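Colleague: Read top to bottom, the protein sequences are chains U and Z.
Numbering follows our numbering, in which position 74 of the first sequence is assigned residue number 103; successive positions increment by one, without gaps.
Numbering follows our numbering, in which position 123 of the second sequence is assigned residue number 152; successive positions increment by one, without gaps.
Derived by calculation from the structure, the hints in this document are not laboratory data.
Because the structure is a prediction, the values reported are computed rather than measured.
Hints are supplied without guarantee of correctness; some may be wrong.
Identical copies carry no separate label here, and so any pair may be met within one copy or between two of them.
Said to hold, decoys possible - The calculated DMTMM-like cross-link candidates involving lysine to aspartate or glutamate, where the alpha carbons are at most 25 Å apart (straight line), are:
id: 1; residue 1: Lys-178; residue 2: Glu-166
id: 2; residue 1: Lys-293; residue 2: Glu-305
id: 3; residue 1: Lys-178; residue 2: Glu-62
id: 4; residue 1: Lys-293; residue 2: Glu-51
id: 5; residue 1: Lys-178; residue 2: Asp-97
id: 6; residue 1: Lys-293; residue 2: Glu-189
id: 7; residue 1: Lys-293; residue 2: Glu-331
id: 8; residue 1: Lys-293; residue 2: Asp-327
id: 9; residue 1: Lys-293; residue 2: Glu-68
id: 10; residue 1: Lys-293; residue 2: Glu-362
id: 11; residue 1: Lys-293; residue 2: Glu-133
For reference, the chains in residue letters:
Number of protein chains: 2
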Amino acid sequence: MQIRPERLLADLRELATIGAFETGVNRPAFSAEDLAAREWLRARMAAAGLEAAVDGVGNVYGRMPGVDHAVLIGSHSDTVPYGGWLDGSLGVIYALEIARAVAESGAARRVGVDAISFQDEEGTFLALLGSRSFCGEAIDGDVAAARSKDGRALADALAESGLRGRPPARLDARRHVGFLEAHIEQGPRLERSGGQIGVVSAIVGIRTLRAVFRGQADHAGTTPMPMRRDAGAAALMFGALLSERLGAHGSPDTVWNVGSATFKPGASNVVPSEAELIFQFRDASDDLLTELERLIRDAAMECARPFNAEAEVVRVLETRPAAMDPRLAGLIERAASELGASAARMPSGAGHDAMVMARHLPAAMLFVPSIGGRSHHVSEDTSESDIVRGAQVLARAVELLLQDGTRSPA
Amino acid sequence: MQIRPERLLADLRELATIGAFETGVNRPAFSAEDLAAREWLRARMAAAGLEAAVDGVGNVYGRMPGVDHAVLIGSHSDTVPYGGWLDGSLGVIYALEIARAVAESGAARRVGVDAISFQDEEGTFLALLGSRSFCGEAIDGDVAAARSKDGRALADALAESGLRGRPPARLDARRHVGFLEAHIEQGPRLERSGGQIGVVSAIVGIRTLRAVFRGQADHAGTTPMPMRRDAGAAALMFGALLSERLGAHGSPDTVWNVGSATFKPGASNVVPSEAELIFQFRDASDDLLTELERLIRDAAMECARPFNAEAEVVRVLETRPAAMDPRLAGLIERAASELGASAARMPSGAGHDAMVMARHLPAAMLFVPSIGGRSHHVSEDTSESDIVRGAQVLARAVELLLQDGTRSPA
Chain U
30 MQIRPERLLA DLRELATIGA FETGVNRPAF SAEDLAAREW LRARMAAAGL
80 EAAVDGVGNV YGRMPGVDHA VLIGSHSDTV PYGGWLDGSL GVIYALEIAR
130 AVAESGAARR VGVDAISFQD EEGTFLALLG SRSFCGEAID GDVAAARSKD
180 GRALADALAE SGLRGRPPAR LDARRHVGFL EAHIEQGPRL ERSGGQIGVV
230 SAIVGIRTLR AVFRGQADHA GTTPMPMRRD AGAAALMFGA LLSERLGAHG
280 SPDTVWNVGS ATFKPGASNV VPSEAELIFQ FRDASDDLLT ELERLIRDAA
330 MECARPFNAE AEVVRVLETR PAAMDPRLAG LIERAASELG ASAARMPSGA
380 GHDAMVMARH LPAAMLFVPS IGGRSHHVSE DTSESDIVRG AQVLARAVEL
430 LLQDGTRSPA
Chain Z
30 MQIRPERLLA DLRELATIGA FETGVNRPAF SAEDLAAREW LRARMAAAGL
80 EAAVDGVGNV YGRMPGVDHA VLIGSHSDTV PYGGWLDGSL GVIYALEIAR
130 AVAESGAARR VGVDAISFQD EEGTFLALLG SRSFCGEAID GDVAAARSKD
180 GRALADALAE SGLRGRPPAR LDARRHVGFL EAHIEQGPRL ERSGGQIGVV
230 SAIVGIRTLR AVFRGQADHA GTTPMPMRRD AGAAALMFGA LLSERLGAHG
280 SPDTVWNVGS ATFKPGASNV VPSEAELIFQ FRDASDDLLT ELERLIRDAA
330 MECARPFNAE AEVVRVLETR PAAMDPRLAG LIERAASELG ASAARMPSGA
380 GHDAMVMARH LPAAMLFVPS IGGRSHHVSE DTSESDIVRG AQVLARAVEL
430 LLQDGTRSPA
């Protein structure tokens, strides 16, 4: 079973012409370009011999006929606004190419390959919409409430897409033996370490919190320091303490970010009456995230006290960590080793459809290096040799899985 | 020499009707209300026997006829937008009432009293415009460049006021033996300590700085902590260190405030590429301010380093401290003591016209308590008894100065 590098690269490049912007792609979910790309993919899957359709939310699902079981492979073809050409698309074209390679190998099989491009992984309307719908998760409420940043309702986007009412593609526990997603790393670890293949151990959980400190707006010249209720000073002390605490108590892979700070009223000569920090922290262990959140909440109270301020910490968003399946990850490692590619186990610091899939069946992910660690930008890129190597390793992992494929999911 | 409390309070209340808003006053410099108030004042000064005129920038200057020397007394009658009824107006009406009391005392004098209301102390267009113009400071460039927050040029405001071309009122070194300004405290110190009269030792200098940290916008999940260039983390550490350093190295009267924080791009999942803090610190000693600024600049560099960021610290504004004249301050203290009022020496944490005047002649200030320390708000207020007591103490200080008034400025 052999993939054909030229065909793989040609399809990746052709897909990148749909919504092309500078050296990147602008193809947010449900844009005309996104829908055109999905129709193009459907036709490509059909040409590869898959039973392919775009479903009621925009998932493009290609089913290999004549098999009892299938490895599901894929990612997403929607992009962030004015994003890169590989984020999502890489994993989708890998799936298409591997399905072609399996079909071309000619062997009669009980276990085949299904390919998928999930809708709106990037959250233009509702992050991970496609994979959540595919897995039959309860999303009707979220779908009804979801709006894009510019105020368009997801319900309207669905109606205008002409897709509404089509049957949903669905995970089939009897058919699907596992899910494999290839993706660009979106970070610099592989490039910096010289690794060629990232084998994802887990997708980290993310907790996004908002800390609001409340004090009193007073004249910053005439009010003695001990009489102030200084929300800004409390927030600054908290921001510094947060880094210290997470550095001291997090795992080596814990990351965090204070992304936004807002002081009100915002004048240099007025003591801030309100100061807000929005921050998030990520780790592969949910227990550790819970412990860190407790430390952070304590730190906020500690920092409010000396400045006579009040602190409120609210959880804005929570995504739970998702462990990848050790057997599938092991197969990717074995495939890399057989092909002489250097592989490194690593957590994924970003969310992916595989995070949803892992809640329902064994799932694993393969990363290829991102040049300069860049993503979500038109400069996002991966060398051709890394793109081809990633596809070859994933294809070999699929081959190993198909040979071993009588094992259905538990 | 006796002031008349009822007349004083009636004039204060009448002035507050011009531009009245709720329990406060909206009379920004060069508004129709401000110009009307200045014309009202001019007429009141003329009725008190002063040679009164509104000058080319809007200063209302009333000159006592028939004297060789004069104590200049006054403040400003413009307000911040929707401000209080006493800020500035109190000192202007004290000047008017004391001029009346001197005139009514009937004694022939070589030394009299001049009254003044300076223009735009609050900086609607150009802070301290009136006193700087009165002292003949070089302000032509500042006047040409000045605009209000809503974009109106000071030059246009001057032209439209009909004042342009009128002769400027000017400080006269041979005539003016000193400047006295009464003002509400705008802070809680007198009220909290039970003091009735504040005798200002110095008006603090203010340095307003902007610290900008520059890093790189990276994915906050996929970029390992040591590889980040985190402008936000540097700014937070700096904000916390700033408080520590100023607390440790400032004087007991040093105050500081981080009033504004802005992170770009401002998303919880993107490492901030730029973080700006705008802050100020105040003290009565210019040498100490210089030393503190050096410590702050060092702190910014220290905080940038561990986060691979760059720091730039720019001085946005500098007002130098102004010491009050010890002899004049002593006369206010003596007057308070004679009238049985409790007096406390204190620095002024806010800027005042007396700060400009002190650069050119002996100047002193008297504070009356502000209820709840509030100012620049419609709720700003002072009890009637405190208003009257302040006028009586200032009048007595003027009387002492007139008795002692053969001493001209050095």
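Colleague: When the hints from earlier in the document are held up against this structure, which numbers fail?
Modeller: 5, 6, 9, 10, 11
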